[in-house]
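**Q** So you can see what is in the structure, the chains are spelled out below.
Number of protein chains: 4
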Amino acid sequence: MSGMWGNKLKFSIFGESHGVGIGITIDGLPAGVEINMEDVMKEMARRAPGKSNLSTARKETDAPEILSGFFEGKTTGTPLCAVIRNADMHSKDYGKLKDLVRPGHADYPGFIKYNGFNDYRGGGHFSGRITAPLVFAGAICKQILEAKGIIIGAHVKSIGKIQDKSFDQIELNKELLNKLKCNELPLILTEKEDEMRNTILEARKDGDSIGGTIECTVIGINPGIGNPFFDSVESTLAHLMFSVPAVKGIEFGKGFLMSELRGSECNDEYYYEGDKIRTYTNNNGGITGGITNGMPILFKACIKPTPSISKKQRTIDIAEKKDSELVIEGRHDPCIVQRAIPVIESVTAIGILDLILNA
Amino acid sequence: MSGMWGNKLKFSIFGESHGVGIGITIDGLPAGVEINMEDVMKEMARRAPGKSNLSTARKETDAPEILSGFFEGKTTGTPLCAVIRNADMHSKDYGKLKDLVRPGHADYPGFIKYNGFNDYRGGGHFSGRITAPLVFAGAICKQILEAKGIIIGAHVKSIGKIQDKSFDQIELNKELLNKLKCNELPLILTEKEDEMRNTILEARKDGDSIGGTIECTVIGINPGIGNPFFDSVESTLAHLMFSVPAVKGIEFGKGFLMSELRGSECNDEYYYEGDKIRTYTNNNGGITGGITNGMPILFKACIKPTPSISKKQRTIDIAEKKDSELVIEGRHDPCIVQRAIPVIESVTAIGILDLILNA
Amino acid sequence: MSGMWGNKLKFSIFGESHGVGIGITIDGLPAGVEINMEDVMKEMARRAPGKSNLSTARKETDAPEILSGFFEGKTTGTPLCAVIRNADMHSKDYGKLKDLVRPGHADYPGFIKYNGFNDYRGGGHFSGRITAPLVFAGAICKQILEAKGIIIGAHVKSIGKIQDKSFDQIELNKELLNKLKCNELPLILTEKEDEMRNTILEARKDGDSIGGTIECTVIGINPGIGNPFFDSVESTLAHLMFSVPAVKGIEFGKGFLMSELRGSECNDEYYYEGDKIRTYTNNNGGITGGITNGMPILFKACIKPTPSISKKQRTIDIAEKKDSELVIEGRHDPCIVQRAIPVIESVTAIGILDLILNA
Amino acid sequence: MSGMWGNKLKFSIFGESHGVGIGITIDGLPAGVEINMEDVMKEMARRAPGKSNLSTARKETDAPEILSGFFEGKTTGTPLCAVIRNADMHSKDYGKLKDLVRPGHADYPGFIKYNGFNDYRGGGHFSGRITAPLVFAGAICKQILEAKGIIIGAHVKSIGKIQDKSFDQIELNKELLNKLKCNELPLILTEKEDEMRNTILEARKDGDSIGGTIECTVIGINPGIGNPFFDSVESTLAHLMFSVPAVKGIEFGKGFLMSELRGSECNDEYYYEGDKIRTYTNNNGGITGGITNGMPILFKACIKPTPSISKKQRTIDIAEKKDSELVIEGRHDPCIVQRAIPVIESVTAIGILDLILNA
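Chains as they are written, first to last, in UniProt numbering: chain A, 1 to 359; chain B, 1 to 359; chain C, 1 to 359; chain D, 1 to 359.
Bear in mind the hints are in silico, worked out from the structure with no lab data behind them.
Take the hints with a grain of salt, since some may be wrong.
Identical copies carry no separate label here, and so any pair may be met within one copy or between two of them.
[Claimed, not checked] Below, simulated SDA-like cross-link-like pairs (lysine to any residue); rule was C-alpha separation at most 25 Å, straight line:
| no. | residue 1 | residue 2 |
| --- | --- | --- |
| 1 | 205 | 53 |
| 2 | 174 | 39 |
| 3 | 321 | 222 |
| 4 | 322 | 275 |
| 5 | 148 | 278 |
| 6 | 174 | 190 |
| 7 | 179 | 296 |
| 8 | 74 | 319 |
| 9 | 322 | 277 |
| 10 | 8 | 32 |
| 11 | 148 | 117 |
| 12 | 276 | 32 |
| 13 | 276 | 319 |
| 14 | 276 | 296 |
It should be emphasised that the depicted structure is a prediction, and the values quoted were computed from it without experimental measurement.
Sequences and hints are given; from them, build the entire structure.
**A** This is the structure we're talking about:
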C-alpha cells in the first residue's frame with residue numbers, strides 16, 4: 001500500500017540497500033519520448049557519494065539497466081522498468097549490532113512494522129540508497145518537462161546556520177538553474193561555499209553531522225495546474241517530499257514567515273505584463289488555492305542531520321530488551337543536504353509531471 | 001482526480017460555498033461503530049464562525065444530515081454520506097466583481113483551471129466552508145481513534161509574532177488535550193490570550209488580517225504505523241494538511257530548526273521505561289523513517305493571513321484584460337487560525353485512522 | 001475500498017434502499033459541459049418500476065437533486081453530487097423476517113461481512129435501487145460521449161429461452177440505438193415481444209421469476225482506447241458490469257462461442273474502406289489485446305432471475321441458528337432484464353468515458 | 001494507469017516479449033511469509049511452452065530472479081520484485097512483416113494507442129509471455145492462501161466442442177484440485193483427454209488453432225469476502241481475468257444458463273450442516289450480492305483460439321495504407337487453453353488474496 005504512487009503516471013519502487021538490486025517501474029509515460037541517457041546518468045552522478053570529503057567515501061556506481069518500455073531510444077508507452085544492481089556486498093557480520101537500533105533511523109519502527117523480518121542491513125528499504133531510482137525516474141520526467149519549457153532547479157539554502165540568498169530575491173531563468181546543477185554545493189552566493197564546507201567538515205571532524213535546507217523552484221509552468229481538495233500542488237509535492245528520507249519540513253513561498261505577516265503583506269497582487277498575468281510579489285510560491293498561478297513555484301525543504309554519526313549514543317538492545325550503547329563505525333555522510341538536492345528536484349519533477357498529465 | 005482521498009478509508013468531498021449543499025461520503029468505516037452525534041456537533045461548532053469578534057459575524061448552522069451508512073445509531077460499514085445544505089443565499093449581484101480576481105485567493109488559478117465555468121460565488125469549491133464536511137468526517141474518525149486510546153489535540157502556537165509554548169516542553173495527556181478544545185484560542189500559556197486577541201483585533205481594525213501557526217499532536221499511537229516510500233506518516237499528514245486552505249507549511253518535530261542542528265543534537269536516543277521503549281527527546285516528532293516510533297506525533301502547520309481584507313488592493317480585470325483595483329466588502333475573518341484548529345485536528349484524524357486501518 | 005471507482009473520472013456511490021437517501025458523487029467531469037436534465041430524467045424513468053405488469057407495481061419517483069458541481073446549467077469541473085431521497089417508508093415491522101435470509105440475495109453474506117450491522121431493510125445497500133444513481137451518472141456520461149459521436153445502445157437479447165437477433169447480424173447506427181431506448185422491451189425482432197412478455201407473465205403467475213440476457217454496443221469509438229495489463233476495455237466494462245446486481249456473466253464479441261471455433265474462424269481480418277480501417281467480421285467485439293480496434297464494441301451480459309419470488313423457499317434462521325422456511329410477500333419484479341438495460345448502458349458509458357478521458 | 005493493480009496488495013507488471021526482461025513488483029505482502037521457491041518454479045513450469053506437441057516447440061526457461069523484498073527465505077513486507085530476463089533473441093529482421101498487422105492480435109490497436117512507438121516484436125507488451133510474471137505472483141499468493149486453507153484449482157472444461165464435466169457435478173477437495181495440477185490437460189473425465197488432444201492436433205495439422213473453456217474454483221474461502229458496489233468478487237476476478245490475453249468471456253456459477261431459468265431454479269436455498277451454513281445447490285458459484293457465501297467459488301472463462309495461425313490471412317499494410325495478405329511463419333500454439341490454466345489460477349489467487357487482506 002505504499003511502494004506505488006501516482007495518478008496518470010504511476011511509479012513502483014523496490015529494493016533494499018544490501019539486497020540484489022533496487023529499481024523503479026514507471027507506467028503511463030507518453031510513447032515516443034526520446035530519452036537522453038547521458039543526461040540521466042549525469043543526474044544520477046549528482047546524487048552518488050564519494051565526490052569529495054563532504055560525503056561518504058563509499059563508491060556507488062549506480063548504473064541503471066532499462067528492462068522494458070524503451071525501444072529504439074524512445075519510450076514505448078508501456079511500463080518502463082529500470083534496475084540498479086547492488087554491488088556484491090561483503091555481507092559483514094552484523095552480529096549484535098543488528099539488535100542495537102540506531103537513533104534517528106528507522107531501525108526500531110521498521111522492526112515493529114515488519115515484525116523483525118525486514119532486511120536490516122544498511123537500513124534496508126529505508127536506506128537513502130533507495131532514492132537512486134527516484135533520481136532515475138526524475139531525470140526522465142525532467143526531460144519531458146523541459147520539452148514543455150518547464151525547468152526545475154534547486155540550491156542549498158542553508159547548512160547549519162549559514163544561509164544562502166533566496167530564489168525570490170533574484171531573477172530566475174533556465175541558465176541560472178542549469179548552472180546550479182554543476183556544483184557540488186549549488187549556491188546563489190557562491191562566496192558562502194567555504195563557510196558551508198567548513199561547517200560540514202567541522203561536524204565530520206567531531207564524528208557528528210549537520211543539517212540544512214534546500215530551496216527548489218519550478219519555472220515555466222502554466223497557471224491552472226493542480227487541484228483543490230485533495231490533490232493540491234502543495235499536497236502532491238509535500239507527499240513526495242516526505243518520502244525522501246531526512247526531510248522533516250516543507251514550506252511554500254514565504255512559508256512559516258507568513259504566520260507573522262498580515263494579509264496585506266502576503267497577498268500577491270496581480271498585474272498585466274503585456275497580455276501575461278503576473279503578481280508583483282510571489283509570497284505564495286506560485287500556488288494559490290492549491291493551483292499554480294503562473295509564477296515560479298517556490299518551496300523550501302528541511303533536511304535533518306544524517307542520523308549516522310560516529311559518537312557514542314545511548315540506545316536499546318531489542319533482542320535482550322535492555323538499555324545499551326552504540327558506536328556506529330564506518331564512514332558516513334557528515335551532511336546529506338547536497339546529495340539530497342537532485343532527489344528533491346527529482347520528486348518535484350515526478351509530482352509536477354503527474355499533475356500536468358492528469359490535468 | 002482530486003475530490004477523493006484514502007486507502008482503506010475513502011473520503012469523497014463535494015460542494016460549493018453558495019451552491020445547494022456541501023458534504024462528504026466516507027467509505028470503509030468499520031461496521032457497528034456507535035457515533036456520538038452530540039460530540040460530532042460540538043466539533044462542528046468549534047469550526048463555525050460568529051463566536052466572537054475574532055471571526056466573521058456570518059452565521060453558519062452547519063447541521064449535517066446523514067443520508068446513508070448509519071442505522072440504529074451505528075455505522076453499517078457501507079458508505080456514509082452526510083450533507084450540509086447551504087442557507088438560502090440571497091444570490092447577490094456579483095456584477096463586475098467576479099472579474100476582479102482577489103489576490104491570495106484561488107479566483108484566478110480556478111478561473112484558468114475550470115475555463116471560467118466554476119461557481120465563483122464566495123470562493124465556490126475553494127471556500128474554507130468546504131472544510132466543514134472534513135470536520136464532520138474527522139469527528140467520526142476521532143471517536144474511533146479515541147476508542148483505541150489515541151487522542152488528537154492542537155493549540156494556537158502563534159498569532160503573528162506572539163508565541164505559545166510548544167507541546168514538546170510539557171507533559172501531554174488526554175485531559176490537557178481535551179481541555180484545549182474548550183477554548184476559542186486554545187493555548188498552553190493561557191496568559192498569552194489577551195496579547196493574541198489584541199493582535200487579531202488590531203489587524204481587524206486596520207481592515208487587515210493576520211497569520212499564525214498551529215501545533216498538533218497525536219498521543220497514544222503505537223509504534224510501527226506508516227510506510228517508507230511513498231506513504232510515510234509525514235507524507236500522509238502533509239498531503240491532507242495542504243488540502244486545507246491557507247496552510248502553507250508543515251514541519252514535524254523540531255522541523256526547520258533541525259537544519260541548524262547536529263546529528264548528536266537531533267537523534268532521539270532510546271531507553272526502556274519498564275518494558276516500554278521510549279526516547280529521551282522527541283525531536284523527530286514521533287516519526288522516524290516515515291513510521292511511528294511510539295512517541296507523540298508532533299507537527300506545526302503555518303496558516304497564512306486570511307486573503308480577504310478590506311484594504312484596497314491592486315488586481316486585474318480578467319474580462320477586460322486590464323489592471324484594476326479591488327475593495328472586498330462585507331465582514332471577513334481577521335484571523336483564521338483559531339477556526340482552522342478543528343480542521344487540522346480533523347484531517348489528522350482522517351489520515352491517522354486510514355494509516356492504522358491500512359496497516 | 002469499494003464504494004468508489006474510477007481513474008480520471010471518479011464515482012462515489014452511497015445509500016440504502018430504506019435509508020434517508022441514495023446518491024452519487026462524480027469527480028473529474030470536464031468543466032463547461034451543458035447537461036440536458038430532461039434527457040437525464042428520461043434515462044432514469046427507463047429504469048423506474050411500475051411501468052407495466054412486467055415489473056413491480058411499486059412507484060419510485062427518482063428525482064435527483066444536484067447539490068454541487070453544476071452552475072448555470074453547466075458542469076463546473078468540481079465534484080458533482082446528486083441525491084435521491086427515499087420516499088418516506090412506512091418502516092414495516094420486519095420482525096422475524098429479518099433473520100430469515102433470502103436465497104439468492106445478499107442477506108447472508110452481507111450479514112457476515114458487516115457483522116449484522118448493515119441496514120437490512122429492502123436489501124439495504126445491496127438493493128437494485130442503488131443502481132438509480134448509476135443511471136443518473138451514466139446519463140451524464142452518455143451526453144458527453146454523444147458529443148464525441150459515441151452512442152451506446154442495448155436490447156433484450158433473450159428472456160428465458162426466447163431469443164432476439166444479435167447486434168452483429170444487423171447494421172448498427174445511432175437511429176436504431178435511440179429507437180431501442182423507447183421500448184420497455186427493446187428488441188431487434190419486435191415480433192418477439194409478445195412471446196417474451198408471455199414468458200415473464202407466466203413466471204409471474206407462478207409466483208416465480210425469469211432471467212435473460214442483454215446485448216450492448218458502443219458505436220463511434222476510436223481505435224486505440226484501453227490498455228493491456230490490467231485495465232483492458234473488457235476488464236473495465238466487466239468490473240462495472242459485475243457491480244450491477246443480478247449480472248452473473250459477460251462475454252465480448254462471439255464470447256463463449258469462440259471456444260468452439262478455430263482461429264481462422266475467429267480472427268477478424270482487416271481491410272481498408274477508403275482510408276478507414278475495418279474488419280470483415282467483428283467476432284472480437286471491437287476489442288483486441290484489450291484495446292478498441294474501431295469496430296463497434298459488442299458484449300452480452302447474463303441477468304439471473306430476480307431472487308425475490310413468492311414461492312415458499314427453504315432457508316435458515318440466522319438468529320435461532322436452525323433451518324426454516326420463507327415466503328416473501330409483496331409485489332416483486334417477475335423479470336429484471338428490461339429494467340437492467342439502462343443500468344447496463346449506464347455503467348458502459350461510465351467505463352468508456354473514463355477510459356477515453358484517461359487515454 | 002494500467003500496469004498496476006490492487007488495493008491492499010499491489011502488483012506492478014512490466015516487460016516486452018523481445019525486450020531485456022519481464023517482471024512484476026508485489027507490494028503489500030505480509031512480512032515473514034516463507035516462500036517455497038520450488039513450488040513457485042513448478043507453477044511457472046506449468047505455463048511454459050514446449051512440453052508436448054500441443055504447444056509451440058519454443059523453449060522458455062522462465063527463471064525469475066528476486067531482486068528485493070525477500071530475505072533469508074521469507075518475505076520482508078517491502079516490495080518484492082522479480083525479473084525474468086528474456087533469452088538473447090536473434091532479433092530477426094521483421095522487415096515488411098511489422099506493417100502487416102496480424103488479425104486477432106493487438107498489433108493494430110497497439111499501433112494506434114502507442115503511435116507506433118511500442119515494441120512490436122513478438123507482440124511486445126501484449127505477448128502472452130507477459131503472463132509469466134503473473135504466474136510467479138500467483139504462485140506466491142497461492143501459498144499464502146493455502147496456509148489459510150484456501151485452495152484454487154482449475155481444469156479444461158472444453159476444447160472445441162469436447163466437454164469435460166463441471167465442478168458442480170462432483171465433490172471438490174484439495175486432493176482432487178492438486179491432482180489436476182499434474183496433468184498437461186487437467187480433466188475430471190480423464191477419458192476425454194484423447195479426444196481433446198486430437199482436436200488440438202487436427203487444428204495444428206490444418207495450420208489452424210482451436211479455442212476452449214477453463215473452469216476454476218476456490219474452495220475453503222470464508223463467507224463475507226467481497227464488496228457491493230464496485231468491488232464485488234465477480235468484479236475483481238473478471239477484471240483480472242480480462243487482463244489475460246485471449247479471455248473473451250466469464251460466467252459465475254451457472255452463468256449464462258441462468259438466463260433461461262426461473263428464480264425457483266436458480267436460488268440456492270440455505271440449510272445448516274451442523275453449525276455450518278451451506279446451500280443445497282451452488283448455482284450462484286459461491287457469490288451472492290458480490291460477496292462470498294462460503295460455498296466454493298465457481299466460474300468459467302472462455303479462451304479464444306490462438307490468433308497466430310499458419311493459414312494465409314487477409315490484412316492491411318499500415319505503412320503503405322493498402323490491403324494485403326499475411327502468412328505468419330514459425331511454430332505456434334495450436335491451443336493455448338492448457339497453458340492458460342495456471343494463469344487463470346494465478347490471477348484468481350491474486351484477486352482473492354487482495355480481497356481477503358483488504359476485508
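**Q** Give a verdict on every hint.
**A** Evaluated hints:
no., hint, verdict
1, 205 - 53, "within (11 Å within a copy, 56 Å between copies)"
2, 174 - 39, "within (16 Å within a copy, 52 Å between copies)"
3, 321 - 222, "between (56 Å within a copy, 18 Å between copies)"
4, 322 - 275, "between (69 Å within a copy, 9 Å between copies)"
5, 148 - 278, "within (20 Å within a copy, 36 Å between copies)"
6, 174 - 190, "within (18 Å within a copy, 50 Å between copies)"
7, 179 - 296, "within (18 Å within a copy, 43 Å between copies)"
8, 74 - 319, "between (51 Å within a copy, 20 Å between copies)"
9, 322 - 277, "between (63 Å within a copy, 10 Å between copies)"
10, 8 - 32, "both (17 Å within a copy, 22 Å between copies)"
11, 148 - 117, "between (45 Å within a copy, 20 Å between copies)"
12, 276 - 32, "between (32 Å within a copy, 24 Å between copies)"
13, 276 - 319, "between (64 Å within a copy, 14 Å between copies)"
14, 276 - 296, "within (14 Å within a copy, 46 Å between copies)"
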